[in-house]
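Chains W and S, in that order, are what the protein sequence lines are.
Following our numbering, the numbering of the first sequence begins with 1 at its first residue and continues without gaps.
Following our numbering, the numbering of the second sequence begins with 1 at its first residue and continues without gaps.
If you are wondering where the hints come from, they were derived from the structure by calculation, not from laboratory data.
Glycine is no exception: its CB is placed at the ideal position from the N, C-alpha and C atoms.
Some hints here could point you the wrong way.
A few chain S residues facing chain W, derived, Cβ under 8 Å [to be verified]:
#: 1; residue: K50
#: 2; residue: G53
#: 3; residue: D55
#: 4; residue: S65
#: 5; residue: G66
#: 6; residue: G69
#: 7; residue: G78
#: 8; residue: Q97
#: 9; residue: Q101
#: 10; residue: I113
#: 11; residue: A145
#: 12; residue: G146
#: 13; residue: D169
#: 14; residue: D170
With a straight-line Cα cutoff of 30 Å, these simulated BS3-like cross-link-like pairs (lysine-lysine) come out [unchecked claim]:
#: 15; chain 1: S; residue 1: K27; chain 2: S; residue 2: K37
#: 16; chain 1: S; residue 1: K27; chain 2: W; residue 2: K164
#: 17; chain 1: S; residue 1: K27; chain 2: S; residue 2: K50
#: 18; chain 1: W; residue 1: K328; chain 2: S; residue 2: K50
#: 19; chain 1: W; residue 1: K328; chain 2: S; residue 2: K256
#: 20; chain 1: W; residue 1: K328; chain 2: S; residue 2: K114
#: 21; chain 1: S; residue 1: K112; chain 2: S; residue 2: K27
#: 22; chain 1: S; residue 1: K198; chain 2: S; residue 2: K112
#: 23; chain 1: W; residue 1: K164; chain 2: S; residue 2: K112
#: 24; chain 1: W; residue 1: K164; chain 2: S; residue 2: K198
#: 25; chain 1: S; residue 1: K37; chain 2: W; residue 2: K164
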Amino acid sequence: MSVKSTAARRPTRGGAKRRGDEPGLVQLLTPEGERVEHSEYSIDLTPEELRGLYRDMVLTRRFDAEAITLQRQGELGLWASLLGQEAAQIGSGRATRPDDYIFPTYREHGVAWTRDVDPLNLLGMFRGVNNGGWDPDENNFHLYTIVIGSQTLHATGYAMGIAKDGADAAVIAYFGDGASSQGDVAEAFTFAAVYNAPVVFFCQNNQWAISEPTEKQSRVPIYQRAAGYGFPGVRVDGNDVLAVLAVTRAALEHARSGQGPMLVEAFTYRMGAHTTTDDPTRYRSDDERVEWATKDPIARLRSYLDRQELAGEEFHAALETEADALAKRVRDGVRNMPNPQTMAIFENAYADGHPLVDEERAQFAAYQAAFADAPEHSEGPAAASGKGH
Amino acid sequence: MSETAPQMAMSKALNESLRKALENDPKVLIMGEDVGKLGGVFRITDGLYKDFGEDRVIDTPLAESGIVGTAIGLALRGYRPVVEIQFDGFVFPAYDQIVTQLAKMHARALGKIKLPVVVRIPYGGGIGAVEHHSESPETLFAHIAGLKVVSPANPSDAYWMLQQAIECDDPVIFFEPKRRYWDKGAVDVGAVPRGLHKAVVVRPGTDLTLAAYGPMVKVCLEAAAAAANEGRDLEVLDLRSLSPIDFDTIQASVEKTRRLVVVHEAPVFYGAGGEIAARITERSFYHLEAPVLRVGGFHVPYPPARLEDEYLPGLDRVLDSVDRALAF
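Could you build all of it, start to finish, from the sequences and the hints given here?
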């Protein structure tokens, strides 16, 4: 094989390859904010619904920005920003019904928003007061999962249960482009296909798995992988909230109606760092960031709303006020979040209890109580050891 | 136990136990590779597919992480999956799901959700199998908080403990001693079962305590019988559960006999014997006449079948340790 042909086979990354107009990318709103039609996926939303999606994205971005700030101020140990992925999350989240069940990663703050999960609930884990902290069944929104791809199997099993129950609900499993390399995701695809489980696999391809580009995960576009498992895959412009909503609705309906799983690849971009510990300037170019900035999902819908005169200054001013209030609530909520009681360490390790945990709890309680009862030490060890000599 | 209790092989007792669980609770599911039409490679699920159908007895793709991961999802939906891992050495592709997800999800949700999943693992050696078919990885699970780990040693316990594991709201790793599958014993299906995690004195004695579980209980009983010929009266404990461990019963026995030898197939290094020795030393230091000794596997990969009789603790190695403990 010649050097030239090897080079030709090498996957490339470039602006031209990623334009929204490439074949197979479902788009209903161009980066310039113009409505376009798609032969398979259409949507017809009222002005109020359109403003609702815009509001969701703006508030989610504001929440995210506030969380980053709180991390920088030392109030959160870590934060995984969704900046740039608002359309993928709001569009897909708003496509779900209340009886559908969501299995997120640790970045689905926008999806959580659409399920009425209190944003403060999402912050407990990042503040370090718990490892999850909410009842998944309250909003049919499962706990954040940190191990990459694990939740796609939980989602598939849950969907198998829905099918057994004869319910017409569906499950949506979120994961990233990096997770598509995980064995668990492959196994989830296999199980879902074999059992015709009503699950939508929703991949937010934000182009980067920390520092590794999508080309390090897959030689084919991720949505095409579904074909190998025997179910449909579709790539949607993940920065186009209308297209994401339309495609995810269709995918969920596909699943609910007994046609089995479907893979949606939302082609989007993580504008910020992977998490607050990450430094994306080490691995990606300014050109790339700038190019994707022109596809900003919020600016895109704003441009459409303005063009159609669907949202006036009054709407935007009120939304700004609402965002400020949300940010304040989040800020105050995090700062006032109580540390867990020490003995909470021993809680909920087991549902039916465990004698060893009981024993260790009692020992640790006694150990702590000993400090509470001990008289104050007035002398240091050196002085104490000097006594009697 | 009533004297009329039928004799049953452990494999049959497990099968009857699963049948009863499927009958009693429509949410119970059996999942695993080959558990359906074949009835499992050891036939533990024999006939269940025929009688309960493919919705309750689910032949799965050949993917252990997928089996446990989807079982977690089914449990979240309200089902009680009982999954079969075909052999001990094949559990590791599922280890991530068991350790990072199954064990911790209840805590993550601050107790709001329960994960009643049972993972059945045929384990241990002595059947002349090839690599990865004879291992004893039980302490790798007992070390993980959030899991319960048990192992029956006889058909009666196999019958009762499996149903108790299925009824438990915590994940239970259920280790089945595969070389005891064909051993028969009385199973009183009308009895009141003892606690899932209670250790049992299976042979009372006065001179030394042998503590074992799963496949080694029988070896220890044989060792005790042999020692009796030499005038030594050994007590044998069947621990039955490795997480939690019933230390009270071990302590009571040791404070009577003053000597303890722990026997298991798993490697001694970082094994259950070490944990038991440490705890019993702490609890009963002034009662002990000898250090707690351990008999078990070596710190080597499980050897090829032609060497497993040397690797596995047998009568002689157990009795050698008994001699050592009594010589202090």
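In rising order, the numbers of the hints this structure does not comply with: 1, 2, 18, 19, 20, 24
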